[in-house]
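Chemist: With the hints as a guide, bring the two chains together.
Residue numbers (the numbering used here), protein chains in the order written: chain Y, 1 to 117; chain G, 1 to 111.
Calculated from the structure, these hints are not laboratory results. Do not rely on the hints blindly, as some may be mistaken.
[To be verified] BS3-like cross-link-like pairs, simulated, lysine-lysine; straight-line CA separation at most 27 angstroms:
#1 G:Lys98 <-> G:Lys70
#2 Y:Lys27 <-> Y:Lys44
#3 Y:Lys44 <-> G:Lys70
#4 Y:Lys51 <-> Y:Lys27
#5 Y:Lys62 <-> Y:Lys51
#6 G:Lys98 <-> Y:Lys27
#7 G:Lys98 <-> Y:Lys71
#8 Y:Lys71 <-> Y:Lys51
#9 G:Lys70 <-> G:Lys59
#10 Y:Lys62 <-> Y:Lys44
#11 Y:Lys51 <-> G:Lys57
#12 G:Lys56 <-> G:Lys98
#13 G:Lys57 <-> Y:Lys62
#14 Y:Lys44 <-> Y:Lys71
#15 G:Lys70 <-> G:Lys57
#16 G:Lys70 <-> Y:Lys51
#17 G:Lys70 <-> G:Lys56
#18 Y:Lys71 <-> Y:Lys27
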Amino acid sequence: NAGVMQNPRHLVRRRGQEARLRCSPMKGHSHVYWYRQLPEEGLKFMVYLQKENIIDESGMPKERFSAEFPKEGPSILRIQQVVRGDSAAYFCASSLEWGVPMNTEAFFGQGTRLTVV
Amino acid sequence: TQLLEQSPQFLSIQEGENLTVYCNSSSVFSSLQWYRQEPGEGPVLLVTVVTGGEVKKLKRLTFQFGDARKDSSLHITAAQPGDTGLYLCAGHTGTASKLTFGTGTRLQVTL
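The following block holds chain G by itself, in its conformation from the complex (with noise of 0.2 angstroms):
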């Protein structure tokens, strides 16, 4: 059973455009974190959220948390060829238990 969904499964934009990656879960998670992966590296922590509704910005990487604590999005403004990665959400569902990973969402910008 996978607990988190990632949205869109790949993503090809121009340098410049803005978009927005999802995170969604049936399950409520006590933590979630936001990696990004590059070709033949481990993948790089982002972002923790905590709170519910709790919003991060990171330059032009911007982080929610939705209320529930079920969901998270990822949205970067004007994306440049250096944010292509592989970008994993991944949550723990209380104390004690195992990180688990979304399904991923490949962005690639170009040019």
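This is chain Y alone, in the form it adopts within the complex (with noise of 0.2 angstroms):
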């Protein structure tokens, strides 16, 4: 029973450049979040989407950052034209299902360290 993947684990960029990050929700998840984790720092919220739809983005800056999640495949978070300070750890999580409490424990990856050159 495989967990949540993530890939790739490290990622270097150069400025201008596009990155591509993939979450392979745990099987039978249909609710996936994406967080950023800067060093010693904790996790904060971007993008909140269930199977084809967006659900909650509050957190994801205005450009240059996009999320899907399709019927088929991975979550994708996407960068274009990184800079510098985009530099950090993403994590992504997926839960079960909303209604039950139980049911929306998340389950995190291990992450996508991002580094920007």
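Modeler: Structure below.
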């Protein structure tokens, strides 16, 4: 029973390039969250998606960042024209459903560490 | 606006000591989770509490959810070096809401 899978684990991009981060949720999970974590800091919410829908993107920067969770395939967090300030660890989490509190438990992947040079 | 405040922010103790970490909010949470994160890894879920006043035990860890579901605590008995890590509380304020994380407590347990 595979957990949340994120790839790549490490990603190096030059300023101005695009970064694509992938997240495959746990089997049966239809809710996905993306978080960003800077060194020595907590997790900052970015976006919450359900299959084919963005539920809450209040934490997403207005420009250059986008996320999707298609009907088939992994969720993708896309950062266009990366800048040095985008360097961080990006974590994806998934949960089962809403309405039943225990089913909202979120399980995290190991993260993608993005370095912009 | 930070919904969940954790205290203390940093804690360094010796093996065998007891400690308590607090997670406080002005909002009511429908459920609250505690995670531990080690360097270079993702957060690992420790426990979920749902009912006001609920107490859950996980070996040497005791988790409590406040009666009003606005606060929670994590108590560790006889801390060990393996308990070292970043402890995070996180909660949902209602249905179909994002999971909001606390500010984190960084714990170091030394021999």
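Chemist: Now tell me, hint by hint, if it's right for this structure.
Modeler: Do the hints match the structure? See the list:
no.: 1; hint: G:Lys98 <-> G:Lys70; in the structure: holds (16 angstroms)
no.: 2; hint: Y:Lys27 <-> Y:Lys44; in the structure: holds (25 angstroms)
no.: 3; hint: Y:Lys44 <-> G:Lys70; in the structure: holds (20 angstroms)
no.: 4; hint: Y:Lys51 <-> Y:Lys27; in the structure: holds (13 angstroms)
no.: 5; hint: Y:Lys62 <-> Y:Lys51; in the structure: holds (22 angstroms)
no.: 6; hint: G:Lys98 <-> Y:Lys27; in the structure: holds (20 angstroms)
no.: 7; hint: G:Lys98 <-> Y:Lys71; in the structure: holds (21 angstroms)
no.: 8; hint: Y:Lys71 <-> Y:Lys51; in the structure: holds (6 angstroms)
no.: 9; hint: G:Lys70 <-> G:Lys59; in the structure: holds (25 angstroms)
no.: 10; hint: Y:Lys62 <-> Y:Lys44; in the structure: holds (15 angstroms)
no.: 11; hint: Y:Lys51 <-> G:Lys57; in the structure: violated (35 angstroms)
no.: 12; hint: G:Lys56 <-> G:Lys98; in the structure: holds (24 angstroms)
no.: 13; hint: G:Lys57 <-> Y:Lys62; in the structure: violated (42 angstroms)
no.: 14; hint: Y:Lys44 <-> Y:Lys71; in the structure: holds (26 angstroms)
no.: 15; hint: G:Lys70 <-> G:Lys57; in the structure: holds (19 angstroms)
no.: 16; hint: G:Lys70 <-> Y:Lys51; in the structure: violated (31 angstroms)
no.: 17; hint: G:Lys70 <-> G:Lys56; in the structure: holds (17 angstroms)
no.: 18; hint: Y:Lys71 <-> Y:Lys27; in the structure: holds (14 angstroms)
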